[in-house]
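Protein chains: 2
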Amino acid sequence: MGKHKLLKELSTIKTAQRRLSNLSTQARNAMLYTIADALEQQAQRIFDANDRDLQIADQENIELPLRKRLVFDQNKLVEACAGIRQVAALPDPIGRVRERRLLDDNLLLERVNVPIGVIGMIFESRPDALIQILALCLKSGNAIVLKGGREALYTNKELVSVIREALSDNKVGSEWIVHMESREDVQEILQLDTIIDLLIPRGSNDFVRYIMDNTKIPVLGHADGLSSLYIDKESDIEMALTVTVDSKCQYPAVCNAVETLLVHNTVASQFLPRLKKAFEPWSVIIHGDERVAEIITCQPATVAVWDTEFLGYEIAIKIVDSLQEAIDHITYHGSAHTDAIITSNKATAQRFLREVDSADVFWNCSTRFADGFRFGLGAEVGISTQKIHARGPVGLDGLVTSKWLLAGDGQIVAPYAQGKPFKHIDMDLDGTSLWKEEE
Amino acid sequence: MGKHKLLKELSTIKTAQRRLSNLSTQARNAMLYTIADALEQQAQRIFDANDRDLQIADQENIELPLRKRLVFDQNKLVEACAGIRQVAALPDPIGRVRERRLLDDNLLLERVNVPIGVIGMIFESRPDALIQILALCLKSGNAIVLKGGREALYTNKELVSVIREALSDNKVGSEWIVHMESREDVQEILQLDTIIDLLIPRGSNDFVRYIMDNTKIPVLGHADGLSSLYIDKESDIEMALTVTVDSKCQYPAVCNAVETLLVHNTVASQFLPRLKKAFEPWSVIIHGDERVAEIITCQPATVAVWDTEFLGYEIAIKIVDSLQEAIDHITYHGSAHTDAIITSNKATAQRFLREVDSADVFWNCSTRFADGFRFGLGAEVGISTQKIHARGPVGLDGLVTSKWLLAGDGQIVAPYAQGKPFKHIDMDLDGTSLWKEEE
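These protein sequences, in sequence, are chains D and C. All residue numbers for the first sequence refer to numbering that gives the first Met the number 0, where the first residue is 0 and numbers rise by one. All residue numbers for the second sequence refer to numbering that gives the first Met the number 0, where the first residue is 0 and numbers rise by one.
These aren't lab readings, by the way, just hints derived from the structure by calculation. Please note that a few of the clues may not be correct.
Copies of the same chain look alike in the list, so a pair counts if it fits in one copy or across any two.
As a list, the in silico SDA-like pairs of lysine to any residue whose alpha-carbon atoms are at most 20 Å apart [unchecked claim]:
no.: 1; residue 1: K170; residue 2: E8
no.: 2; residue 1: K275; residue 2: I236
no.: 3; residue 1: K435; residue 2: F309
no.: 4; residue 1: K435; residue 2: N105
no.: 5; residue 1: K215; residue 2: T431
no.: 6; residue 1: K419; residue 2: Q249
no.: 7; residue 1: K215; residue 2: T193
no.: 8; residue 1: K345; residue 2: E233
no.: 9; residue 1: K345; residue 2: M238
no.: 10; residue 1: K215; residue 2: I387
no.: 11; residue 1: K170; residue 2: L76
no.: 12; residue 1: K215; residue 2: A15
no.: 13; residue 1: K215; residue 2: Q186
no.: 14; residue 1: K215; residue 2: D205
no.: 15; residue 1: K215; residue 2: Q190
no.: 16; residue 1: K215; residue 2: E187
no.: 17; residue 1: K435; residue 2: S167
no.: 18; residue 1: K435; residue 2: S343
no.: 19; residue 1: K156; residue 2: E39
no.: 20; residue 1: K67; residue 2: D36
no.: 21; residue 1: K4; residue 2: R163
no.: 22; residue 1: K13; residue 2: Q323
no.: 23; residue 1: K435; residue 2: M211
no.: 24; residue 1: K422; residue 2: G375
no.: 25; residue 1: K156; residue 2: D235
no.: 26; residue 1: K67; residue 2: Q41
A quick note: this is a predicted structure, and the numbers were derived from the prediction, not measured.
Chain D with its partners taken away, still in its complex shape (with noise of 0.2 Å):
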């Protein structure tokens, strides 16, 4: 696609993402299904262009974990289908009423969700991503703009130019997708403020954190996951064995699997001999602080451990005095994802989940909870350690904004203004947004 081309498609994105939020529920349900079914009807045209990227790959011999997530063969299309027809039975996260309000008599106010505009999405490599992010977008009536890396050029443009022939009988179209196919820097999309309301980034922890620092468009998203779980000295020791070893070793290579373990040391000499011992079928590098190097054979940590998000069979232990030192760890070394307890004492745990400034606080389970799905959120957008908009596993409501909606017979300000007092009363959020026709 030509500069040109790409200039024009992004003038009209506001106009097409006007029409597909005025869309009803219904309609965009039916543009998630047709897309799933033509996405299965024409598997071979993307299984084609998928081979062209992994020839490319090939012969730029690239790394291994890169060329796997590249790869999108029938497992990944049966796992994208089925995914875009739950996203298609989930809740329209579209004109919820979050507040109803009675000014006074007769004047009615209304906080209502809507959608943000337009997001942009920025991945490395998975083409699979693609697919969710878009129709995540059009549940929630957002335009998307796609940038992709480029050694899933290929797949990536028969991806779009299925969906966009799928909807092309459709009264909104597809014009509410824009796709930078160039192969330019990435710089391009991160310019797009006037346009884009939020970007998505997937991709490694060092692509999230080089989008953040370098676009002045809000970003969704997380760079690092340097989780931490503290022993206290009042823990069943059973339960944090059976914890430490699942949030380190069930997944180790995501976010929310423990990076450093925090061991109070009233309980260091009766669990870290066992926790060695459970950590041996998966050959769990350790390194160790003086105190824990006394109790077990370990590797001696570095000042640089303490900061390492080792993302593999690999944990930093230390052995600390108290709670304080336990939060006090916490907040200077990690990265504020996800941070875990394991206290029998109520008030201890209560201390932990207040003063932890994290998007995720668990007392006594698996830091590996920390997911969207498993929240019950029903679809992730993303996993943000951001504090503003949306925190922790983000949900559709995360694609989601909201605007005001008052509506009177006629009222104006001058009489409050001399006086007037408002009723101000509070009404039942349940029923249709003043915006919607009664069904």
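Starting from the known structure of chain D, fit chain C onto it as the hints suggest.
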């Protein structure tokens, strides 16, 4: 304050914020009452400092509106202290449970409101804005970095001194307040994106736009307030007149006063002559398009008037041929702040409420209702035209983010990863959060 001292204060502000946020509701409210009492007791010191600022302002011949905003006298003090005590009486925005879900037996998830962290406040001239935002931050457990205009330097310094002295006996003290006193460029605070989580600017449109364009910190606010009112073909002409006059004339210097009036051609000849007469007491200057000029005497509208925020007794009037034309005009020329329709046709109103993508969209009432106090939000942090985080009039909720708490009895992810289903039962939101001790 020297650069060295400033850096030291900024390095401790996050710790101070955590101490503040760990206080009970009662303790934070007590601090608010202490501050109000102290401001009243030390009033003369503040008035003297204000006199000094006013003398300098007079020597420098500053503009009258700016001088007016700079005055901090007995009236302003009474208002400011009443404001602080009102904030103290509001419900605590912190600790409210937003979601509560039983993921499985004895595995309880809660999403609770917590402070954002460090709020940056940049304001021109008005010293009472300092007191208001400081009170809102204290109420919501946020630290604050203040940067006032140089014209109010002595007043602001004295206000902060009085507040610091008042809190000196308090166990948390006043380290959660940092006052940037240097006369250097506002640029300084805009760079603090690793320290400040949210910026709230208060001042002229140009001032706010400059801030939005020159920082990576999220900004809560609005630069422009170009509000439009559309008089539909099916509208009660008496209501249309009353609402138009109130929206324009009740207080024209503010962001929610109407600037552009769109009138359907079928009612124009009936409505416009009466409107012109109704505007006479305020000598409202009318800029009309060619078709308006055929009906009433007016100034010919230039291309620029449709993008002008007059902020005075001046209005641009355009005749349109359809609801669609009105919506398109608002979408293209408006500032997405507050727009309204007068119509007796419910379907027309619903389309307007749905399709106009502004923070506030009103039906049959004055645009001047767009205000946190009128909306019943208790306190107003500001009005935001951003879509991310908060939109429209923002109450204390705008100074709040959330975190997820999960409490179990040793649950691990492994069995769920192998197919064990979650229960995901939504629970009653009433009652205290996991982190709070029962009272």
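A quick look at each hint next to the structure:
Proximity of K170 to E8 under the C-alpha cut-off of 20 Å is restricted to the intra-copy arrangement: shortest distance 17 Å within a copy versus 58 Å between copies. Within a single copy, K275 and I236 get their C-alpha atoms as close as 13 Å, which meets the 20 Å cut-off; across copies the closest is 82 Å, which misses it. Within a single copy, K435 and F309 get their C-alpha atoms no closer than 50 Å, and across copies no closer than 34 Å, so neither meets the 20 Å cut-off. Within a single copy, K435 and N105 get their C-alpha atoms as close as 18 Å, which meets the 20 Å cut-off; across copies the closest is 40 Å, which misses it.
Taking the closest pair of Cα atoms, K215 and T431 never come within 20 Å of each other, the shortest separation being 36 Å inside a single copy and 38 Å across copies. Taking the closest pair of Cα atoms, K419 and Q249 come within 20 Å of each other only across two copies (15 Å); inside a single copy the shortest separation is 63 Å, beyond that limit. In this assembly of identical chains, the alpha carbons of K215 and T193 lie at most 20 Å apart whether taken from the same copy (10 Å) or from different copies (15 Å). Within a single copy, K345 and E233 get their C-alpha atoms as close as 10 Å, which meets the 20 Å cut-off; across copies the closest is 64 Å, which misses it.
Within a single copy, K345 and M238 get their C-alpha atoms as close as 15 Å, which meets the 20 Å cut-off; across copies the closest is 61 Å, which misses it. Taking the closest pair of Cα atoms, K215 and I387 come within 20 Å of each other both inside a single copy (14 Å) and across two copies (13 Å). In this assembly of identical chains, the alpha carbons of K170 and L76 never lie at most 20 Å apart, being 26 Å within a copy and 60 Å across copies at closest. In this assembly of identical chains, K215 and A15 lie within 20 Å of each other by CA distance neither inside one copy nor across copies; the values are 24 Å within and 29 Å between.
In this homomeric assembly, K215 and Q186 come within 20 Å of each other (Cα to Cα) both inside a single copy, at 12 Å, and across copies, at 16 Å. Taking CA atoms no more than 20 Å apart as the test, K215 paired with D205 passes in both settings, with 18 Å inside one copy and 19 Å between copies. In this assembly of identical chains, K215 and Q190 lie within 20 Å of each other by CA distance both inside one copy and across copies; the values are 8 Å within and 13 Å between. For the identical chains of this complex, K215 and E187 are neighbours both inside a copy (13 Å) and across copies (18 Å), given an alpha-carbon limit of 20 Å.
For a Cα distance limit of 20 Å, the shortest separation of K435 from S167 qualifies neither inside one copy, at 27 Å, nor across copies, at 55 Å. For a Cα distance limit of 20 Å, the shortest separation of K435 from S343 across copies, 16 Å, qualifies, whereas the shortest one inside one copy, 50 Å, does not. Taking identical chains as interchangeable, the C-alpha atoms of K156 and E39 lie at most 20 Å apart only when both belong to the same chain, with a minimum of 16 Å there against 68 Å between chains. Taking the closest pair of Cα atoms, K67 and D36 never come within 20 Å of each other, the shortest separation being 25 Å inside a single copy and 66 Å across copies.
Taking the shortest alpha-carbon separations for K4 and R163, only the intra-copy value of 16 Å comes in at or below 20 Å, while the best inter-copy value is 59 Å. For the identical chains of this complex, K13 and Q323 are inter-copy neighbours only, at 16 Å across copies versus 50 Å inside a copy, given an alpha-carbon limit of 20 Å. Within a single copy, K435 and M211 get their C-alpha atoms no closer than 37 Å, and across copies no closer than 34 Å, so neither meets the 20 Å cut-off. In this assembly of identical chains, K422 and G375 lie within 20 Å of each other by CA distance solely across copies; the values are 9 Å between and 37 Å within a copy.
Taking identical chains as interchangeable, the C-alpha atoms of K156 and D235 are never at most 20 Å apart, the minima being 54 Å within one chain and 54 Å between chains. With identical chains, the CA atoms of K67 and Q41 are never at most 20 Å apart, being 22 Å at best within one copy and 69 Å at best between copies.
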